[in-house]
Amino acid sequence: MLDATEGYTTADGRKIGGVVMDMRNITLRFGGVEAIKDISFDIREGEIRAIIGPNGAGKSSMLNVISGFYVPQEGEVWFRGEKRPQMKPYQVAQQGIARTFQNIALFEGMSVLDNVMTGRLTQMKAPLWAQAIWKGKAEREEVENREICEKVIDFLEIQSIRKTPVARLPYGLKKRVELARALASEPKLLLLDEPMAGMNVEEKEDMSRFILDVNDEFGTTIALIEHDMGVVMDLSDRVVVMDYGKKIGDGTPDEVRANQDVIDAYLGVSHD
Amino acid sequence: MPDTLIFGMEVFLNGLMAGVLYALVALGFVLIYKASGIFNYAQGVMALFAALTLVGIMEGQVPFSHLINAIFGTEVHHFGWHVPALLAILFTMVVMVVLAWAVQRLIFRHLVNQEPIILFMATIGLAYFMEGFGDIMWGADIKKLDVGLPQGINLAIDEATFGLFGYGFFIDNLDLWATGIAVLLVIVLVAFSQYTKQGRAMRAVADDHQAALSVGISLNFIWIMVWSVAGFVALVAGIMWGTKSGVQFSLSLIALKALPVLMLGGFTSIPGAIVGGLIIGVGEKLFEFCFGSGQCFGGIINLGGATENWFAYVLALVFLVFRPQGLFGEKIIERV
Ligand SMILES: Nc1ncnc2c1ncn2[C@@H]1O[C@H](COP(=O)(O)OP(=O)(O)O)[C@@H](O)[C@H]1O
Ligand SMILES: [Mg+2]
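Order-wise, the sequence lines are chains A and B.
Sequential numbering of the first sequence, starting at 1, is according to the working numbering.
Sequential numbering of the second sequence, starting at 1, is according to the working numbering.
Heads up, none of these hints are tricks.
No more than 27 Å apart at the CA atoms, straight line, and that leaves these computed lysine-lysine pairs for BS3-like:
| hint | chain 1 | residue 1 | chain 2 | residue 2 |
| --- | --- | --- | --- | --- |
| 1 | B | LYS34 | A | LYS163 |
| 2 | A | LYS174 | A | LYS204 |
| 3 | A | LYS174 | B | LYS34 |
Some chain B residues flagged as far from chain A (calculated, every beta-carbon gap over 12 Å):
| hint | residue |
| --- | --- |
| 4 | ASN14 |
| 5 | LEU303 |
| 6 | LEU320 |
In short, the hints are calculated from the structure, not lab data.
Please read these numbers as outputs of a predicted model, since none were measured by experiment.
Backbone N, C-alpha and C fix where the C-beta goes; we use that ideal spot for every residue, glycine too.
Sequences are here, hints too, so could you generate the full structure?
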């Protein structure tokens, strides 16, 4: 077991830091359904942490708890060494936790650039009157924010569609724009709910590369959900495996792959 | 130029300016509908309430004086001061913001994720409550409102048109000012929504609630803001209407004209609200001129007047049949 503050070094030589997000004994119920059953796990600074499991296992629910969209009945969320009081999703976002959605939630009526710019809203501090006369701080802020957004857009190779209304984009590109918007806020923790779902092989490879590059280039801590075992194993440093709301495995990809419970869950043995 | 055409032009211009008021009320509807999906039946009453409050503050009226006098047997009516128009408008705006906060805090906060019809019913309740509340607070008598806007015939236009056509148009100064102020208001609103952080957040909320939350926008804050902006638009409409025909409770009924305006313009389109308002304004004046009082085409059709009462609704009905999404709305395609 690792110490909370002590880091580790990955197989490919990246330094991982202490615990950023610590989920302690989380239980989440919807009426009679227990979507999450007493699960604990942590996410460390700079790592790519995956949550996997079959459909309906409770993965999205877990991400929703982290991002404040769902409130667990039991358990504690510790962020950067402090116990988090109950928060609204927008407050969680303001703390530096950005996310994407399994079913894509973009501003369909806006252009790609405008969508990405909304990622900067929490960072904009100039008061309304200053924006009204458009001077000094407000202007500087606008320029800075735009630069950051353009950088993200370049990074994710979507320059050519900057001005395109999002509604006109194909599914794969929408997913990328959603990632861009999340990145624009320069998050301390990035949550991705099935970033590769519904994509073709080529798009999946692109997305995997982007996720790795984001982590590498900006040192962003990433927690992602994936359905497909294969993709996850290549991408992540540590994996949590969920099944029917329970945690059935937690460790490096190799450890998880060797775990009998995990193998059973994925082969459907335990469900018969 | 034939007389009918010249008279028609005057009617057209006057219709345009009547339309500005419809457009303003419709604008208030659209703002709230876009941001929260609430069809705010109370928008017209908000204009009435704003105008009542403005007069009350300007005249130094003691709020709830009837109630106070009835309970304590006192005889208070006025503070005995007059507040300058601009300052009173500012105070009224503060009242409208408080109202926006209260509406959100006491009503809609408890109705999150409810069916649109339930939200609509809540606004009907709100409308009747505000009408009664305004009555108790400021009294039910018709009040004169004068914030210093010039009124009466515009002589320059009168002379210019007399020189051109040998007939001077009667255009009211107040209508000209109302139009100018409305144009300014729309420009400010557009600039606000395009270039400020709060405006962008407002557009984001109008587009997708979940996405807005995920980028750190408080829906609650934006909704209070939108109701405040709608309150401001209502105040402007209330000032114009009140100046023109006195602040009276029939104002909230006239506001129902915004309904056909919205059917024309579409419920989610700001340009639609404006154009729709102008079309209804011009349409009903021209229709009355031509067919209501039979002054066109040699008077072949003469409906004997009062067409202004129903013209807008019939036009809206026609639109509902042929273009249910309105002028600017996206085409509705049934998914099967
Ligand atoms: N908002 C909700 N209301 C009711 N039940 C929900 C809700 N969200 C998720 N669930 C239930 O929780 C369980 C886990 O769902 P989810 O977290 O979406 O799984 P996964 O993302 O692993 O496929 C499912 O049984 C699902 O029906
Ligand atoms: Mg899911």
